[in-house]
Amino acid sequence: MALILILLPIVAGCALFLLPRTDRTISRVTGCAVAAITFLLPLIAGGGGTFAARWLSRPFTASLHWSWGGPAFWIVLLLALCTFCAVLATNMAQTRTMVALLLLLEGTMMGVFMARDILAFALFWDLMLIPPFFALVGWGEHRDTAWRYLIYNFSGGLLLLLSTAAFGVLYGSTDVIGTSHQLVGEWAPWIFAGFAVAFAVKTPLFPVHTWMPATYSDTPPVMVSVVSSVQSKAGLFGFLVIGLPFFANAMGEWKWLFIVLSLISLLYGAFIALMQTDAKRIVAYSSLSHLGLIVLAIFSQNPIAIQGAFIYIVAHALFSAALFLVLGYIEEREDTRSLVRLGGLGKVNPKLAGAFTIAALAALGLPGLAGFVGEIVILTGVFKNGFFWPALIALVPIVLASAYMLRLLQDIINGPERADIPERRDLTWIEGLAVAPLLAALVILGVYPHAVLSAAATVAAPTGSVQVSSTFRRHEALGAPTLALGGAEFRTERLLK
Amino acid sequence: MHESLLPVALVNYISLSLVIFLIGVAGVVLRRNPLVMLMSIELMWNAANLLFLTFARVWLNNAGHIFAFLVITVAAAEAAIGLAIVVVVFRARQNVDVDEVAILKG
Amino acid sequence: MSNHIMGVPGSYPILFVIWLVPLLGAVLCWAFGPQLKRFAGVLGSAAIGISFIAALVAWGIATQTSGAQTGAQQPLFTWLQGFDFGLLLDPLSLIWVFIITGVGFLIHLYSVGYMWNDNAVARFFAYLNFFVFAMLTLVLSDNFVGLLVGWGLVGLASYFLIGFWFFKPSAVAAARKAFVINVVGDVGIMFAIFIIVTKAGSIRFADVFANPHALDPWLFWTCVFLFIGAAAKSAQLPLHTWLPDAMEGPTPVSALIHAATMVTAGVYLVARCAPLWSASQDAQTLVGTVGALTALAGALLGLAQWDIKRILAYSTMSQIGYMIMGVGVGAFSAGVAHFFTHAFFKACLFLGSGIIIHELADEQDIRLMGGMRKRTPVAFWAMGAAVLAIIGFPGFAGYFSKDQVIFGALEHGYVWMWAVGLLTAGITAYYMLRLFFVTFLGSYRGEMNPADVGIQTQVAASAATIAHETHEPHAEDHAHAPAWIMAVPVAILGFFSFAAGYIMIGPGSPWAQFFDRSFPHETLPPATISEGVTTGLAVLMLVIGGAIAYQRYATRQALADAPARLKRESETLPAILVRLYYWDDLIELLVVRPSQRLGEFFGRWFDPHFVDGVVREVVLTNRFLGTLVRSFQTGLLRAYALIIVFGAACFAVYYALEGALR
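Chains as they are written, first to last, in this note's numbering: chain E, 61 to 557; chain S, 5 to 110; chain H, 14 to 675.
Possibly wrong hints are sitting among the right ones.
To be verified - Cβ-to-Cβ under 10 angstroms is the rule here; a few derived chain H residues that face chain S: (1) Gly648; (2) Leu650; (3) Leu655; (4) Ile657; (5) Ala661.
Note that these hints are calculated values from the structure, not bench results. Using N, Cα and C, we set each Cβ at its ideal position, and we do this for glycine too.
Produce the entire structure from the sequences given, and follow the hints as far as they go.
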C-alpha cells in the first residue's frame, strides 16, 4: 500500500513528459487527481499502509521499508495537500513540465517521510533534491542558485549517508525508524553529528542556511511552496524520528550548541526579514526564523515542546505554502515582487487580499490560527524544562514577526493604489480553490489542534540503550529505560504533570 | 604446474605474448590513426588471451578459457563502440587524426 | 479566598447565544456584504442587540452561587491535552459583557448613520461584530489561554478597524503600530502562561487562583508579565503611544474599541487576577504606580492637543490610568466601577465628537470649531453631561467612581497615589472643560484662515489634502442618514453618563453587593484621611481646574478674542508636551532604528559577505584545486595512453623489484 504513494506520483510524473510540451489541462487534471489519491488513500485506509522488502543483509540489514503510520501520517497528508494546491495553482508557460516535477517531488518526498529504514530515508533524501534542481535550472533567474541548492544539500546528504552506514554497522540494522533504542558510547555523538549536520542544512539552521534565500526567491512559487512547506521539514522530521529515539543522550551533549544556533536563527532571520524588499525573501528569512523555533523545541527534549514542534511543523507548512502561492499570484499579475513597487492591491483584489491576510496572520502567530498553537506549546515546553532565557529570547522574534509580516502585508495590499502597476484582476475561482484548503486547515488547526497532536504521541520513546562504542555486533536492549534527560517520555497524558 | 603438457617451453608463450602486447602498446601510443589504434588494442587483448589459454593449460583450470571468451566478447563490443565513435567523429570533422580531436581538454 | 471566581459548572446554552451571535453577524456581513449594502448595519446591530438581551437573561446564572462558587461555567472542549477550554460568566465578566454588548449596540446603531455613505459599510460591520465576538471571547474565557486568544483577536479587530480606510497611509501606519505594540503585550501574557503552566499545572483561572502561592517564587514575575499585556492593551506607560494614533480609525471605532471596551481589557485582566495581585504586594505597588503615572501623564498630554479625538484619546489613557491604579492597589471594585461609568461617558464623548466631525466634513481641530452649540445641540447636551461626568462633577457618574478609586489608593496605604489622583482630577477638569468651551461656545471659526488660530499652515495643508483625497467615501456627503440614528445613542449615553453612578453610593450599594463575592476581602486599617475629606478635596481640585478653564475660554471677553488666544497658546505650548515627552522619538531611536540597522547589517552585509562568504571560500578553494588538476586533462588521446602505459610500467617495475628483492 505504502508503495503506491511513492510510485504513483513518480510514474505519473514521468508519464506526463509524454504529453505535448504546451499541454495545460490534462497535466493539471492528472496532477490534481494523483495528489488527491495520495491524500485520500491514507485517510481512507487508515493507519497501516506498509511495504517492506529485504534490501541488504551485509554488512548490516537494510530493508526497503515504508509505512504511513505513526508520525509520518500527518506529514504524508500535508505533503499530498500541498502538492494538490501547488498543482492547482500551476499556470505558467511550461505547465506540463512543472506539474511533472511537482509530482516527482511528491513521490520522492513520500519516500523520505514514510521511510522506516534509514538507508531508504537517505536514498530518497538525495532523490528529492532533483525536481527542485530542475525547476531552478528551468525557471531560476540565476543558474548558480540551482547548483548551490544541489551541492549544499547533497553535501548534507553525504554526511547523512555516512552516518547511516556507521549506524548500520554499529547497530546491525537500519530498519529501525519507528522503534527506539538509546545509543550510547563514544561513537554515538559523532554519528549523531553527521545526521544533525544533514538535517540542519535541510531545515535550514544558521549558519548553513545561505542556500535558502536564493533558492526560495528563484524557484517558481508553486514549487517553492512545496519545498519550503514540506521539504524543509525533512530535517526536522529526521530529528524527531532518528534523533530523539536513538540519540537522546547525544542530543543532550550537543544541546547547547543547537539551542544557541536555533536562537540565532530565530533572531537573525527575523531581523533580516525586517529590512528585505523582495517579498519572497521576507518569507524565506521568516522561515529561517520560524524553523529555528522548532529546532529549539526538539533540543529542549521536553515532551510538550515536541508536541508543539509537531503542530508547528504542520502550521508552518500550511502558512508558508499559502504565502508563497499568494505571492506567486501577485508576481504573476504585477510582474514584480518588490515591496517598493507594489501597493494598494487590496482595493480591487479583495479576495487576494483576504487570502494573503489570513496567511500572514497565521505566520505572525495570531491566536486562533495554527501558528500560535505551535508557538505557545513549544515555548511552554521549553520553559518547563528550565530553559528560562531561551524561552524569553524566543519571544522577541514573535514581536518582530508581527512587524515584518504586517510590513509585507500592508506594503502590498494597503496604501494608495499604484498607477505604475498594470494588471489587477482578482483571484479566479481555481486560484482561490488552490489556497482555500490551506487557509481552512490553518483555522481548523488553530481552533482545534488536539487531533493533530495525537500524532505526536506516536513518536517512539527510547525503550532501552545500546552500547555501540566498541563492538560491531548488534546488542539487544539493556537495562531500564534511559530517562536521564527527562525528555524521553512522549505520552500526551504527561503534558501538564 | 604441468609444463609438460605444453609442446614448447612456457617461457616461449610468455615471451610471445609480451612481444605482441608491446607491439599493441606501441601502436596505440605512436600511431595517430584511430583505426590503427583500435587494431593495436585488439593485439593487446589477444596477447592477454594467449596468456589466459596458456595458463589454463598449465594449471589445468578452465577459468582461463572462460575468460578468453569473455575477453573476445568485450573486445568485440569495444570495437563496435570504437568504430562507431570513429565514424561519428569522421562525419563531424572529415578528419580522424586523434591529435586534432582534443575536445575533452579540461 | 478559595475558588471564589470559579463558576458553577453546568450546561448554559445562553452563553453560546451571547458569545456566538456576534460571530454569526460578522460572518453574514462579510459573506453577503455586496447584497446587504446598508442593511448590513441593521444586521450587525441586531446581532449585538440579541447578544445584549441574552446577557440580560443570563443575569440570574451569572450571579447564582453554590458553595464557594459564583456564576456559570460551561466546559467547551479540550484544545490540547491539558488545555481545557470553557466559558465563565460571573459578576465581573457580566459587567464587561453588559458594556460590550450594551454600549456596543448603541455604537453599532450610531455607526449605521455614521457610515451611511461609506462604500465598505458591510466590511465595517463585519469587523465591528467580529470585534464584539473577540472581546466576548476575552471576557468569557475561563482560562488564560482562551483569554490570550481573545486578547489577540481584539488586537486584530482593532488593527482592521484602525486601518479601515486602508488607502490612507497614516491609517495603515497607525494600524501597524497598534498591532505591533499589542503583540508585545500578547507576548508578555504568553510568558506569564509559561510560568503558570509550569508552576500551577493548569491554565484555568479557578485552579490557578485557588492557590496563588503555588506560583512562588515566580508570583511577582507572573504579575509583571501579565501586566505587560495589560499595559500594552490599556495604553499604560510605557506602551501607550499607539492609542492616540489609533484615532485614525472611524469615530465609532474609537468610541467602542479605543475608549469603552478593548482598552479596558487590561483593567479586566488585573481585576480577574485579583487573587494573584492580592498575594503579591510588590505587584500591587508596581501596577498602582504605573496607573497613577499614566493618569497624570495622559492628563498632561491632553493639555497640549488640539485634535478633538486626540484630546479624548489622552483622556482615555488618563482615565484608564485611574482604573489601573484602582485595581492595582487592590481597590478592585472601585477600578471596575470607574470602568463602568467611563464606558458611558467616554463613548458619549466620542460619539458626540463624531457628530461634530460629521457636521464639519471631517474637521477635527477644535481651533476651527467654536459655536457648535447651535449647530449640534444633541452633541452639546450629551457631551455636556459626559464632560461633567469625566471631570467628576458631583452627582454625575464619574464623581462616584473616581472618588472610590482615589480614596481606594489612600485606603490601601498609597498616599502619593492619592495625591496624584487628586492633582490629575484638577488637570482633567481643566482640559476637558477647555475642550468643551472651545468647541461649543463662541462663534464658528471654520471659515477663518487656519494660521489665524495658530495652525501651522504646512500641517494644515497636508491634513486638508489627505482629508479631501482620501475620504472619497464621504464625497457624496450630502445624502445624510436620518438624524435620529446618530442622536438617539448619544442621548442615551449622555443620560447614563449622569445616572450610572447612583448604583454605587456607599458600602451597601447594589454595586458593592453585586461584587461582594468577586474580589478578595481585606481588612484594612482605617485611612488617615476620611472619604469625606477626599471628596471635598477632589471637588476643590475640580473647581480650581474648572475655574481656570472658564476664565480662559468661556468668559464673554475670552470668547470675543478666542482666535488670538488660541493662536497665542498654540505657539507657546511647551515642546515636551507637544512632542509627547519625546517618547515616540525615543522608541524610534532606541528600538526601531537599531532593529532596522541590525536587519540591514545582517541582510546586506553579514549574510551575503560573511556567512555566505565562508561558503564561497570553500567553493573558490575547490575551484582552485580544479584548475590544478585540469592541466592533466590535455584531451590528447595518445597522451592518456602514454600515461596508462607509464602507470602500468610502474606496477610492473614495482612487482619485478619486489620479486627480485625477496
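For each hint, the structure was consulted:
no., hint, in the structure
1, Gly648, "holds (3 angstroms)"
2, Leu650, "holds (4 angstroms)"
3, Leu655, "holds (5 angstroms)"
4, Ile657, "holds (9 angstroms)"
5, Ala661, "holds (9 angstroms)"
Against the hints set out earlier in the document, no violation occurs for any number.
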